[in-house]
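**Q** Chains as they are written, first to last, in our numbering: chain A, 1 to 328; chain B, 1 to 328; chain C, 1 to 328; chain D, 1 to 328.
Read the hints as simulated data drawn from the structure, not as lab findings.
Note that the structure is a prediction, hence the values are computed from the model and not measured.
For glycine and all other residues, C-beta sits at the position ideal for the given N, C-alpha and C.
You may find that some hints are simply not true.
Cross-link-like lysine to any residue pairs, in silico, SDA-like; alpha carbons within 20 Å at most [said to hold, decoys possible]:
id	chain 1	residue 1	chain 2	residue 2
1	B	Lys39	C	Asp254
2	A	Lys317	D	Ser212
3	A	Lys317	D	Ser319
Only part of the chain B face toward chain C is listed, based on derived beta-carbon distances under 10 Å [stated by the list, open to error]:
id	residue
4	Asp74
5	Asp85
6	Glu253
7	Gly256
8	Asp297
9	Ser304
10	His309
11	Ala310
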Amino acid sequence: MAERNLVQAIREALLEEMERDPRVCVLGEDVGRKGGVFKATEGLQQRFGEDRVLDTPLAESSIAGVAQGLALEDYRPVAEMQFADYSYPAFNQIVNEIARVRYRSNGDFSCPLVIRAPTGGGVRGALYHSQSPEAFYCHVPGLKVVLPSTPADAKGLLKAAIRDPDPVIFLEPKKLYRGARQELPEGEAALLPLGVATVVRPGGDLTAITYGFMRLVTLQAAALLSRDRIDVEIIDLRTLRPWDIETCVRSVEKTGRLAVIYEANRTGGFGAEIAAELAERCFASLDAPVTRIASPDVPAMPFSTSLEHAFMLNPDKVADGLRRLARY
Amino acid sequence: MAERNLVQAIREALLEEMERDPRVCVLGEDVGRKGGVFKATEGLQQRFGEDRVLDTPLAESSIAGVAQGLALEDYRPVAEMQFADYSYPAFNQIVNEIARVRYRSNGDFSCPLVIRAPTGGGVRGALYHSQSPEAFYCHVPGLKVVLPSTPADAKGLLKAAIRDPDPVIFLEPKKLYRGARQELPEGEAALLPLGVATVVRPGGDLTAITYGFMRLVTLQAAALLSRDRIDVEIIDLRTLRPWDIETCVRSVEKTGRLAVIYEANRTGGFGAEIAAELAERCFASLDAPVTRIASPDVPAMPFSTSLEHAFMLNPDKVADGLRRLARY
Amino acid sequence: MPTDDRSLTPERVLDAYRTVLRARALDDRRFVLNRAGKLAFIISPRGHEVAQVAAITALEPGRDRFCLYYRNFAAALACGFTPEELMLSAFARASDPSSGGRQTPGNFGSRRRGVIIGSSTVGPQIPKAAGIGLALKWRGEGGLCFVSFGEGATSQGDFHEGMNFAAIHRCPVIFFCENNHWAISVPQRLQVAGPGVAERAGAYGIPGVRVSGDDFFEVYRVVAQAASRARAGEGPTLIEADVLRLQSHSTDDDQRAYRDADELAAEAARDPIPRMRDALIDRGWLTPEGDRRVGEEVSREVERATEAAEAAPDPDPASLARHVYADG
Amino acid sequence: MPTDDRSLTPERVLDAYRTVLRARALDDRRFVLNRAGKLAFIISPRGHEVAQVAAITALEPGRDRFCLYYRNFAAALACGFTPEELMLSAFARASDPSSGGRQTPGNFGSRRRGVIIGSSTVGPQIPKAAGIGLALKWRGEGGLCFVSFGEGATSQGDFHEGMNFAAIHRCPVIFFCENNHWAISVPQRLQVAGPGVAERAGAYGIPGVRVSGDDFFEVYRVVAQAASRARAGEGPTLIEADVLRLQSHSTDDDQRAYRDADELAAEAARDPIPRMRDALIDRGWLTPEGDRRVGEEVSREVERATEAAEAAPDPDPASLARHVYADG
Ligand SMILES: Cc1ncc(C[n+]2csc(CCOP(=O)(O)OP(=O)(O)O)c2C)c(N)n1
Ligand SMILES: Cc1ncc(C[n+]2csc(CCOP(=O)(O)OP(=O)(O)O)c2C)c(N)n1
Ligand SMILES: [Mg+2]
Ligand SMILES: [Mg+2]
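Chain A extracted, bound-state conformation (with noise of 0.2 Å):
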């Protein structure tokens, strides 16, 4: 077994499913000589040819359109936005039609798709290369939200979502894709559920709930922390729709404070409804507001490194919320 990042683990799980299952198929932008422009597909139209791994025109709505003509054809696509900021054209594909094909053929049809995308900052993308849409899909029944943040939980729900019987949002945080390495597991081996997050550490004093890049950030936070004998627990969503609302509440009542960490703009973000749901479900167990912790609300991270930085969190401003909630 060797050693991957995040978008070497991308790929294996593209290479590995479309070996198990001949239906799988990739479709996007540049996929396919290129290998993606991030490479998360290099070498596969090589090895599985130009209909198995299609370059399409640059148009996301058809994207869209054509990979849940696809699905509903029994094949599994693979749909990849070249960027989540440009997954925008394809809105009206993937919410009014492609979340409710089930729903609304009462069960007739269905609509087995993945759609890919990179998402998040801090890798001077600017306002359209960086944006963290999450919010938008997690609001849409019918659609599950996959965000990983290691390469082996991008492995593995990567694989679970192309074999789930539903469409799947598979946000990528660009920002680990070429970060930290690990062993993964082959074949089935490497599946792993969606809808099941895990401790990332755990610890007494403050629960810290966050997904995608920002589980480094906070565990690099939780280490400032732990100098001053905070002890926090991190949970990694890991999918946002279902979320795993257990897992936290047990964390939330063990430790009766919660802080959720997201890198999206503040207002609006999928951080809200995890705050909401677990204020009202470990009520009683709270010693101090939920906080959020979040991008401020402006259009998205500029290009300019001092604004980037003004922008993104990064510890120790997640160092300060969690160190003001452990003081409440």
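Use these hints to put chains B, C and D with the ligands onto chain A, whose structure you have.
**A** Below, chains B, C and D with the ligands alone, put in the same frame as chain A:
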């Protein structure tokens, strides 16, 4: 002053603003000769001509795009999306383009326009004429979002939205279009500020925050509760972005109990933001968990009356939730 | 494989004629029920029936795929939906085969018949059909995908994206535009730039054909020709059938408010059904007496269908949240 | 008003030539700075410069509007941006006139110059330009809107919707497609169905013109002709300029990975700048000696611009949340 229902109030606001400011123009599908599928623009084309009241092709992305172009050229377009459900083809124009014009140009450009759309259910509109998509737009910095529920509010806020220097998503609860009538002030006297909530029923036992059609349902629920001597204070937000946090905090600090009632499906709805924010700010005052009363997580309400009723909140369902909260 | 006029036996044409009459009689009956307050919402195929049935007659239900749009009431019958089934969906009964009463009637779907579940949204079925076509091409069994829409739908970006994709990949798709020259109240001159819809095929390097939608034999011929092309791997065809909208857009609309009375009267006199009848009589395939008999049989069918559907049960409210996901 | 070749005085052409050289020299300098780790991200106009400058030369900065796309570095210079300004945006400095360092360089904007702020998203500027054109038509002062994009952008639904709208309303718009036959790694044959981009104009009943993008005089002529048409109220024109992409898509891309080496070498030998120089020398408007002098002047300009921009201050982190709304 004649009595007007909500859709007549919308029309009156358009008429007055078009007369006041020659830059104000209206565009959308069927807004011209037909006067809109709900008659919100009835007679305006006869009055102001085919340019200023323009029937567009059936293409929402270009409706938003053309409106943006007009706004950039210092017109004040009011674009109609025939149903809020059909605003998604324009999602990229709204979120990536319109909302960010000012920010991405560092203040050199602005995009003063209004996008009107009928929202919500209860009119046998089924899956594609009933949606409540406000949460999508409330998550977008750069946009303002208004959702009035009385004729006077609709008129006053639409006039303010048209005069606002920033893009406003103006959602109109279609269930109330032909509902209760009110005498409406005219001209400047009708104007209402964006961002200010209204306490529609004072009460001491618990706070119910709501907006849109749910204002009426919550009022009816409060009447049911008053028989049990439970005294509900109801706040109608009217503007969702920015929302009037101070008015809400004052009420919750007084009552110690908060329910948030919204018509959209529960998960990731804008009610999550309200609940999360107030649970944090009012932590010390809360005697019970903040409760959300919302629609079930299905992809929108079905056509069949039996299923539509099963989906929709009604006074009984809301009263049940409020009663449980009062007794916590 | 019907590829030309010759396979059109008198039996098949008389069958198609019966389907046309059925569509008309059912539709008339729906209007009676609507006026009696028993049906909420109808979109009438009046004026489109002959074109729709001719097109489907040239194809192979069972083998081919059909992405229909809301006005395809007659096409649905030709695809195998029974009068009772269509009445079940008009009444939104639990046993409506398309959606179990969840969608407005007009969103046809039946997996076993190859009728892909539709939605009320104008346009998204077009790239979806391209994707289905791609799947059928990969499968290589000679099946094709028929997708229909109004001329208003050709303004949507999805029309362009779907045409472009299908043309690049030579997908076996028949794009069938029923041009009734009105999109609700918007006339063609404000909808379709350029000479017409058929001419748009040139932009994609594929054949574009305009055909008179009241000529059963001509419509059959051009669709059969397009089908041969598709099955032979020669790619898609765009067909524009010139039809009349002899009713208002829907029961929510009154076209007298925006259309010229003389024009309406002139069009009413050009009802395609008498023309089809006369053509059959001219050919000696039908007698006035035979015509009367078919009419009576159809009346009885409609009667039985209506009674059965009216008596059928509504969806169980407890089923509201079923089929959001596979496991629900 | 420049409407034909005659107004092209040698002075104006030499000016344009200097702009072309400036673009090339600045771009070369950016690559040096990129390799030195000083600039994060570049999209090069290499191969497009002559076409871009010729097009803008045929128009009237100040009077007309320009919706540029990210590859329009040379066009931006022709619109009046100074070398220093473009370097400020390359370095994302506070005084970058387009966006104060907020956007990636290539998103040009300047209200006073009529350059409408762009975004990185491919396509949405096209309907926006139609809206601007509509405003200019209403204003009736003879101004027009020039909008440019690559051939990849023509696949977007927004291309179709914008063309359709502008053609219906005879908006004074010039649609200028810079067809370099590649959209990142996707070749034209997988992008544009049919014979080419210019032919798509026929679908909208407007003129479509293909021009060799390395011929300054030809590009000037067809753009001037389109401008006359637009100013005379005759509506939009679609121009397809055939150009070469002599660099990889961006500094994040390496086209040798997906393009044929021989083809790349052959294209490198067809650089349009020497061809323009030779044409000027042939006409006797330029001498080799004069050419050398201009080159030296341009080098010094680039030097000064780089120094000034490098020394300029970064945006103040405290300005991050400014210009989200008018009052912020
Ligand atoms: C995306 C979207 N926008 C708007 C509507 C509302 N709408 C329903 S049908 C229609 C007109 C369609 O006209 P056309 O495509 O010509 O078909 P026709 O009804 O004439 O057969 C409109 C505007 C919709 N259903 N979907
Ligand atoms: C909506 C959207 N999807 C994808 C991208 C990513 N992207 C940026 S440029 C580009 C290729 C554009 O090609 P073309 O339009 O031919 O212009 P060129 O770069 O060749 O000048 C792509 C796919 C984007 N910016 N916007
Ligand atoms: Mg029509
Ligand atoms: Mg290109």
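**Q** Look at each hint and say if it fits the structure.
**A** Right, here's what the structure says about each hint:
| no. | hint | result |
| --- | --- | --- |
| 1 | Lys39(B) <-> Asp254(C) | 12 Å, holds |
| 2 | Lys317(A) <-> Ser212(D) | 55 Å, violated |
| 3 | Lys317(A) <-> Ser319(D) | 18 Å, holds |
| 4 | Asp74 | 25 Å, violated |
| 5 | Asp85 | 8 Å, holds |
| 6 | Glu253 | 36 Å, violated |
| 7 | Gly256 | 33 Å, violated |
| 8 | Asp297 | 7 Å, holds |
| 9 | Ser304 | 4 Å, holds |
| 10 | His309 | 7 Å, holds |
| 11 | Ala310 | 4 Å, holds |
Violated hints, in rising order: 2, 4, 6 and 7; the structure is consistent with all others.
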